[in-house]
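Here are the chains, one letter per residue:
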Amino acid sequence: MPHLAVKDVRAKYGSLEVLKGISFSIEKGEIAALVGPSGSGKSTVLRALMGLTPITGGAVDIAGETMNYSSAKEVRAARDRMAVVFQQYNLFQNMTVMQNLTLAPLKIKKWNKSEVMSEARRLLGLVGLSDKADAFSDQLSGGQQQRVALARALALKPQILLLDEVTSALDPELVNEVLDAIRKLANEGMTMVIVSHEMAFVREVADKVVFMDAGQIIEAGTPTELFDTPRTDRARDFFSKILRH
Amino acid sequence: MDYKFQFGVVWDNFPELLEGAWLTFQLGCFAFAGGAIIGLICAALKTYGPWPVRFVVNVYVVFITNTPALIQIYFLYFGLPEVGLRWSNEACLIIGLTLNAGAYLTLILRAGFLSVRITEIEAGQTLGMSLLQQVRYIIVPHIAKSIYPALANFFIVVLVMGTSVGALIGVDELTGQAINLSSVNYRWLEYFTVVAGMYVVLTFVASIGLALLGRWAFRVKARIF
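One line per chain: the protein sequences are P and Z, in this order. Going by our numbering, the first sequence opens with residue 1222, and the numbers climb by one from there. Going by our numbering, the second sequence opens with residue 29, and the numbers climb by one from there.
Think of the hints as simulated: they come from the structure by calculation, not from any bench. In this text, a Cβ means the ideal position worked out from N, Cα and C, and glycines have one as well. Mixed in with the good hints, there may be bad ones.
To be verified - Distance condition first, Cα-Cα at most 30 Å in a straight line; then the derived DSS-like pairs of lysine-lysine:
| no. | chain 1 | residue 1 | chain 2 | residue 2 |
| --- | --- | --- | --- | --- |
| 1 | Z | Lys-173 | P | Lys-1330 |
| 2 | P | Lys-1429 | P | Lys-1233 |
| 3 | P | Lys-1328 | P | Lys-1353 |
| 4 | P | Lys-1405 | P | Lys-1331 |
| 5 | P | Lys-1331 | Z | Lys-173 |
| 6 | P | Lys-1378 | P | Lys-1429 |
| 7 | P | Lys-1228 | P | Lys-1378 |
| 8 | P | Lys-1334 | P | Lys-1353 |
| 9 | P | Lys-1228 | P | Lys-1330 |
| 10 | P | Lys-1241 | P | Lys-1294 |
| 11 | P | Lys-1353 | P | Lys-1331 |
| 12 | Z | Lys-173 | P | Lys-1334 |
| 13 | P | Lys-1405 | P | Lys-1429 |
| 14 | Z | Lys-173 | P | Lys-1328 |
| 15 | Z | Lys-173 | P | Lys-1353 |
Unchecked claim - Some chain P residues well away from chain Z (every beta-carbon gap over 12 Å; in silico):
| no. | residue |
| --- | --- |
| 16 | Met-1222 |
| 17 | Phe-1245 |
| 18 | Glu-1248 |
| 19 | Glu-1286 |
| 20 | Thr-1287 |
| 21 | Lys-1353 |
| 22 | Leu-1361 |
| 23 | Met-1411 |
| 24 | Thr-1443 |
| 25 | Pro-1451 |
The task is simple: from the sequences and hints, build the whole structure.
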């Protein structure tokens, strides 16, 4: 049984169909990478999984439970099981790093305070920011903010972590510190769906690569299959352009 | 110039000026607090309401912000009694200043509503926040922080410029007291020099208080000196 199965998911912005039936699945501990040109719908897949973009068809299985996002309750159930990190971090600007991490576990989940605090400190250590617990987000670099966002997402103990172009807004020098943190999570066995343009990184960590264009999956397979021997012209064209440099 | 300054009479009547200053401060606080409530409601309606509601709010804001406060208060005090609505001068001043502040605060608060980033709200949603939790933990703190400097400035405007209009309908706030007292002994220059100084002290103290409050509550990095 796959840990995450996306089954024929469709979504529309107005009359424009942005997801035309997306299906893929991954096992527990696996990493799927969604790649493709801008506007191909990669981020929309993650937004649909989190219930930010309403889906007009299809369903999602998480650990055997089917969700079709038809009610607020179902959306909440999906949000209980998954967490997302955005390209622009989206930290709460009026809160410290620690408050960003602990707000949802304490105020929304009502978890035990001392456990939440010690877990938050462990996560800050994991992303290498133990000394920034009391900093505000405007006192941090982009890479640091993105690692806080990563820790914030993990603080809710998600079964699946979604990463939406988490390095795209960063200076090249800061990209590695974020990728290192993701590598650690991969080694810990976190199930992840990542949208990324860092092809070398995708090749290194992903178990499955899903190539999308115009709201459809063109081709899916292992990184080696897709990068080295793509079967479709569209994929060959795309990868030849971005892998060249 | 052989004018001989005589501050003696001013100091003799200083307690009365202090009373006026205290009334000025109270009027400013009342008008601002009332205006903030009106402004909050109108800004929310103007941002999220259906068009007929937005239209009514717009008429109110345009009418108030494009006419002098003095005219509005004269309208209440001298105009409305003609149709049977008669209030005391202080009531007219408070109502007028509150309605006036409400219109300006609608504009200031609306800027706050518009500045809330959808991305932070989405982050809250994905963390499982209900609408009420989003308002409490994201929207309100964000609005408070982003418009705090504008609010603090506007409080000073209400406190000084707004309340002094009261002198013209016989309210004995600071300006009114100064006019009353100086028309008795004709020491206009001395009275208004002292009163100007008192206004400066009043606003200075209020500014420092507001800056400290902003730092403490919203991390607004206002310079105090």
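- Query: Under the criterion that the straight-line Cα-Cα distance not exceed 30 Å, is the pair Lys-1334 (chain P), Lys-1353 (chain P) satisfied?
  - Reply: holds, 20 Å
- Item | Status of the stated non-contact between Glu-1248 (chain P) and chain Z (beta carbon gap over 12 Å) | holds, 24 Å
- Query: In terms of Cβ atoms, is chain Z entirely out of 12 Å range of Met-1411 (chain P)?
  - Reply: holds, 17 Å
- Task: Verify the proposed pairing of Lys-173 (chain Z) with Lys-1353 (chain P), using a straight-line Cα cut of 30 Å.
- Result: OK: Lys-173 (chain Z) and Lys-1353 (chain P) at ~22 Å, within 30 Å.
- Between Lys-1405 (chain P) and Lys-1429 (chain P), is the straight-line Cα distance small enough, at 30 Å or below? holds, 18 Å
- Query: Does Lys-1353 (chain P) pair with Lys-1331 (chain P) here, judged by a C-alpha cut-off of 30 Å?
  - Reply: holds, 24 Å
- Task: Find the nearest Cβ of chain Z to the Cβ of Lys-1353 (chain P) and say whether that gap is larger than 12 Å.
- Result: holds, 16 Å
- Message: At 12 Å, judged by beta carbons, does Leu-1361 (chain P) keep clear of chain Z as stated?
- Response: holds, 15 Å
- Pair hint Lys-173 (chain Z) and Lys-1330 (chain P), alpha-carbon separation not exceeding 30 Å: holds, 26 Å
- Message: For Met-1222 (chain P), is the shortest CB-to-CB distance to chain Z above 12 Å, so the non-interface label stands?
- Response: holds, 25 Å
- Going straight from one Cα to the other, do Lys-173 (chain Z) and Lys-1334 (chain P) come out at no more than 30 Å? Holds. Lys-173 (chain Z) to Lys-1334 (chain P) sits at ~27 Å (cutoff 30 Å).
- Task: Sort out whether Lys-1328 (chain P) lies within 30 Å of Lys-173 (chain Z), counting only the CA atoms.
- Result: holds, 21 Å
The structure shown violates none of the earlier numbered hints.
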